[in-house]
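K.L.:
For reference, the chains in residue letters:
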Amino acid sequence: MGKVQLQISRRTFLKSALAGSAGLAVAGGHAIPAVAAPEGSAEPPWFYRGQIKTTYSVCDMCPWRCGITVQSVGDRVYKIDGNPADPKSRGMLCARGQGGVSFMYDPDRLRSPMLRTGERGEGKFQEVTWPEALDAMAEKLLAIKEQYGPESVAVFGHTSGEFWFADYFAQAWGTPNAAKPSSSLCTSPREEASNLTLGFPVGGHEPVDWEGLRCLTLIGSHIGEDSRNTVMQDFAKAWGRGAKVIVVDPRFSSVAAKADYWLPIKPGTDTALLLAWINVLIAEKRYDADYIAEWADGFDKLAAHVADLTPEWAAAITELDPELIRTTARVMADSLPQSLIMPGRHVTWYGNDTQRMRAAYTVNALLGAYGREGGFYFNKSPYIEAYPHPPFAVAGSAGGCSAEPGAESAELPVGPSGKARADGARTKFLRGATAMQELIEPMITGEPYPIKALIVYGTNLLNTVPDVPRTIEALKNLDLVVAIDVLPMEHVAWADIVLPEATVLERYDELWTVAHKTPYIALREPAVEPYADTKPAWWMARELGMRVGLENYFKWETAEEYINTRLQTIGSSIEKMREEKGIIVQKGKPYFADFKGSSPFLTKTGKIELYSDELALAGQDPIPVYTPTEDPPDGFFRLLYGRHPVHTFAKTQNTPLLHELYPENELWINAGIVAAQGMKDGDRVWLENQDGARSGPVKLKATERIRPDAVFMAHGFGRNEPALTLANGKGANDAQLQTRYILDPISGGAGMRVNFVRIVKEA
Amino acid sequence: MATNAFLLDISRCIGCQACTAACKTGNELPAGTQFIQLIEQTRGTFPNLEGGFQNHRCYHCTDAACVSVCPTGALFKEGGMTRLNRDVCSGCQYCTDACPFDVPQMVDGRCSKCDACADVVAAGGTPWCVRTCPSDALRFGDRQEILAEAQSRVAAIKERYPKARVYGETEAGGLGVIMVLPDDPEVLDLPANPQVPLLVNTWQKVVQPATMGLTGLSILVTGVAAVIARRNHMQELKLLHKEEAKADESK
Amino acid sequence: MTTASDREEKVLRYRVGQRVVHATLAISFLMLLFTGLMILWPPMAGLAAGGTSGIIHRVGAILFMAVPILYLIVDRRGAKELLVESFTYDKDDLAWFKHMGQYFLGHAVGMPPQGRLNAGQKLHHAGVVITSATVVISGILMWYAKGSLGAGGLAMAATIHDLSMLALTVLLVGHLYFTFVYKALSSMTTGYVSKEDAEIEHPKWIEEMGQPQVTGD
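Chains as they are written, first to last, in our numbering: chain A, 1 to 763; chain B, 1001 to 1251; chain C, 2001 to 2217.
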């Protein structure tokens, strides 16, 4: 009898592991006793092979960072699912997240610390012990600090552990030159436009109040293709409810196929469309007048500014039907204030991106969307104290796509030897987080001061920063290059010191704190021991800190100690968080009512600044204007790039599972063009850009889904690193074809959709 | 066992492939094996386009041609699902020809297709694809409830898609995957009326047993007759020899 | 100890080439039969798992299809004779069919006089030739046209294949039956049969041959 009951209760546990039901508490934290497999098949499925251990963590397969449950049996991880308690994943997970196991078990992973033995770029290394590698790194860093000052060390950081190097170590060490690609190569324009217009940044999770949304407008956002789990869930619900969807995109994307209105706009002309929409909303008095009167500043100047910017004016620029422009403006207005334009994520397109984003936010303001149910909620960071470290040697300005409100200080941070950022902030561009691509120049020219060392943490340098030849030149010029990574990405071959990292499934990591409608904190615990001789980033940062005189910043000995110290400030602990399924959810202040009369907008005027004095003072357009971007020359197409649903950045192309699902990228090109040029679908061609840079061969995808003046490919392919055994040599590399970019004079973003390619049939 | 069914809402699927990946990892499918394939579909010419994704997978027909032709019982019906026991598959590939949806694949010489996560469901779980679908395009449960959900979803999208319909209520005897289609099935590369030819059903159910029976019968009859006939022949020879001997003697 | 049979006079019934062809046919047929049964008969299905039987079936099929070619190569005359005789029936043959039941029950004495092949053997051979053709054609369809047959085409081909095999198997059973009843195995092992038996069952053949040969070729 007792035995039967035991079996039943074990089955209940198994059910909770397999069904992912949020309600079922699992006794004893997270271990599910072994359940005998039913008789029959030769090898039982993994969940019958022994005791199932469920570990709570946060996915690192894309920057969205869903809460996950990691299911392992013995020392092997079998399955990752969404954590039902997590406000982002809600128990579901995308293809990339599912690939986390495969990413960890990639046989091409870096195994051991290494020191360079050959020339830089040759990729010749010898394996060494951790103390040898870290001693060598510390010695070199201290010598550079001695001669040039701590500011001469640049730190590039990306992925989950970036905090330890690009934020914590960099600030303790004293360099303002820490940068993340998620800022100036991705979200800077939308963050700065938001700071300028609303007084706070967008933050990681776009604060769309999906539940009541009635009309959604997307400009170059690719729901589905970008695999943002929560957004796909929310979109599906809103769409299923019958919310109107307007998609502006030169390409008939997966989400464009779901849209009520698709506007196949000429690339680079979005601001003209936005201004025409503003014109219609104002001219036809369809905007939320009460809201504007109460919460906006500069409306009259805006109205005068757009008076002549009619749909007919925009139609000539955008190559759209003026009636379609007018109709969509009306459709948006019909649903206000439950109507908005999504901020999008990767918005560094044409170098005038902050202005475009301000135009989009202006539309949102006219629709009365901010702070309204069904519009945008005001997100809030969860309350928890930082680890009580001594004051940092320099304030942080690395930003990042998950930049919390206030993360970027108004004053430029200055390092211990009196030097501010070397990226040209305030001179080449106005404001914003450190611009990664602008730190390359000082490495080559030594202006405004030399950068002599580069620590690359998890950033896929040669597939991310535009103008690869220039980056290579910088790499040759540096005194020290350190690569910290999981895989032998292309730039690793250029490093003097290689530090292999444990994946997120093998390590503790800093608490994940998310500004959200319901602010929350997520725990990241390891499911299994690190692979080979790999180590977590916190351990590396600490060991390095201890060797370069930063002992005071690393008083904690383990990550658990660090995390528990922080959790103590909100009366929790790792142990307690485990019982709460790894998530602590707090209360937010999502709507106007939560501010009890005070303004939620943190601009100087306390209002939405439709007219920006700050921009006017800086000599920039105070109200967005349309500035044309260069058209492709004859025979060339504009090179658009983006995501495939199963791949993230240039990170996952070698992950066996995801590689199998999409092994090489294709060149989307208008079927009519393909036929006219005597080519056919599936032909392999090379691409040559305006500067003669080549990449390929890549398969043609002849499709009706794209305009004739542009081509599109998924980012991250066309790799040239033999150590990436699966990804090497497959498809074309958009980064290699981006030999130029246009710097956004406001945010420092690098507009990368300004490259053109032509098709050549041979290498 | 209750009759279960999947809901597959083609109109809502956004092609993220979470289902494909979850299926591969949860079921530990080897490289080269996929139970779900998402195929991009595009109709029309730029800029007047429609499109979506075909979610190509086993549709778990009630009148499953693959089960009808499977000689070894590796493919069988259970709880509304078409299940597969690879241990007894002989790799004859009849199923690959018989399937009206072109679903079964041969992997390492044996049939490979969706088993509706039978082990997971038996342990109280949800099929991996359903559990992870961010678009709520997939569900799994009692067939009647799933059918009702499909019908209400079709009603809800009629304004967007006037040709929207439920697919799988009656097709091939009723599918175990009830689909919400935004358009006619032919337009979405699905057979309008997936049918199992009569011969497919008679072949395994009538011809093969009859063949076995007749063969057995012939062996039985000849086995018995052989004893008698051989004795007859021996006697006949003996008699012949006797007569010859007599004749010789008489000479 | 010597017996009467040791001193028996023998006649050559099948030349070496014919016996090799027969053995090839028999072996390939048995390979095909058993590997085929594995996918036909559920109790044997476990043996087929994994597809090795499918490969053996294909090897058997190639051997089986090679038999006519082999026959033409090793014994062109024999092949021609077999084909011609199997489809040529005279009055005695027709009479033989009338008394078939008697022959079936072991009574060869008193049957109408037969040539090299009795009417039953002719019919057997004709049946083997025809159903071999149908089994080969349907088999080739299932082998090479897989994927393009469609469910109906597959079922049709498989049905023909099954029915042909039914016929061939029943023919085999009969074949073995008469071999057993009339102790005819030696004709395909050594090639020789006793002249006495041959005179009873194939008197016209003995007559045609005239002087019996005593040695092999």
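No wet-lab data here; the hints were simulated from the structure.
Among the hints, a few may not be true.
[Claimed, not checked] Here are the simulated EDC-like cross-link-like pairs (lysine to aspartate or glutamate), alpha carbons at most 20 Å apart as the crow flies:
| no. | chain 1 | residue 1 | chain 2 | residue 2 |
| --- | --- | --- | --- | --- |
| 1 | A | Lys15 | B | Glu1149 |
| 2 | C | Lys2195 | C | Glu2208 |
| 3 | B | Lys1238 | C | Glu2085 |
| 4 | A | Lys476 | A | Glu447 |
| 5 | B | Lys1238 | C | Glu2196 |
| 6 | A | Lys701 | B | Glu1028 |
| 7 | C | Lys2091 | C | Glu2081 |
| 8 | A | Lys244 | B | Asp1136 |
K.L.:
Is B/Lys1238 within 20 Å of C/Glu2085, Cα to Cα?
P.N.:
31 Å, violated
K.L.:
Regarding the pair A/Lys701 and B/Glu1028, is the alpha-carbon distance no greater than 20 Å?
P.N.:
31 Å, violated
K.L.:
For the pair supplied as a hint, A/Lys476 and A/Glu447, is the alpha-carbon distance within the 20 Å limit?
P.N.:
Holds, at roughly 17 Å.
K.L.:
Verify the proposed pairing of C/Lys2091 with C/Glu2081, using a straight-line Cα cut of 20 Å.
P.N.:
Cα-Cα ~19 Å, so holds.
K.L.:
Verify the proposed pairing of A/Lys244 with B/Asp1136, using a straight-line Cα cut of 20 Å.
P.N.:
Holds, at roughly 18 Å.
K.L.:
Regarding the pair C/Lys2195 and C/Glu2208, is the alpha-carbon distance no greater than 20 Å?
P.N.:
Holds, at about 13 Å.
K.L.:
Taking 20 Å as the top limit, are the C-alpha atoms of A/Lys15 and B/Glu1149 close enough?
P.N.:
Violated - the C-alpha atoms of B/Glu1149 and A/Lys15 are around 24 Å apart, more than 20 Å.
K.L.:
Does B/Lys1238 pair with C/Glu2196 here, judged by a C-alpha cut-off of 20 Å?
P.N.:
12 Å, holds
In this structure, the earlier hints numbered 1, 3, 6 are contradicted, and the remaining ones agree with it.
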